[in-house]
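Asks: Produce the entire structure from the sequences given, and follow the hints as far as they go.
So for the sequence shown, my numbering puts the first residue at 9; every next one is plus one.
Hints are computed from structural coordinates only; laboratory data are not their basis.
Restricting the straight-line Cα-Cα distance to at most 20 Å, the calculated cross-link-like pairs of lysine to aspartate or glutamate (EDC-like) are:
| # | residue 1 | residue 2 |
| --- | --- | --- |
| 1 | Lys45 | Asp55 |
| 2 | Lys45 | Asp35 |
| 3 | Lys64 | Asp75 |
| 4 | Lys78 | Glu57 |
| 5 | Lys34 | Glu44 |
| 6 | Lys45 | Glu57 |
| 7 | Lys60 | Glu49 |
| 8 | Lys41 | Glu30 |
Bear in mind that the values here come from a model prediction, so they are computed numbers and not experimental data.
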Amino acid sequence: MTHTHKIIDGVKIDLTADEIAELNSKDEIENQKIIEKRVAEENAKQDAETKKASGKQKLLDLGLSEDEVKAMIGI
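Replies: Written as structure tokens, this is what we have:
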């Protein structure tokens with residue numbers, strides 16, 4: 009987002025270079041937080057899928073049939 013002005017009491021005032029730099033810095037920090045949150049969510053989703061597949065394979069390794077595993081856990 010490009011910051012160029014602020015409105016105080018209905019009056020449009022140009023931002024100083026320092027104010028623009030500060031707002032841009034805050035934007036970068038917020039964008040990085042959003043990216044980190046999305047990465048964490050994707051990692052958690054992938055981890056859950058991996059654990060589900062691992063659990064299924066362990067049940068199969070114990071001798072359960074594919075149909076039995078599907079009946080138990082739906083996969």
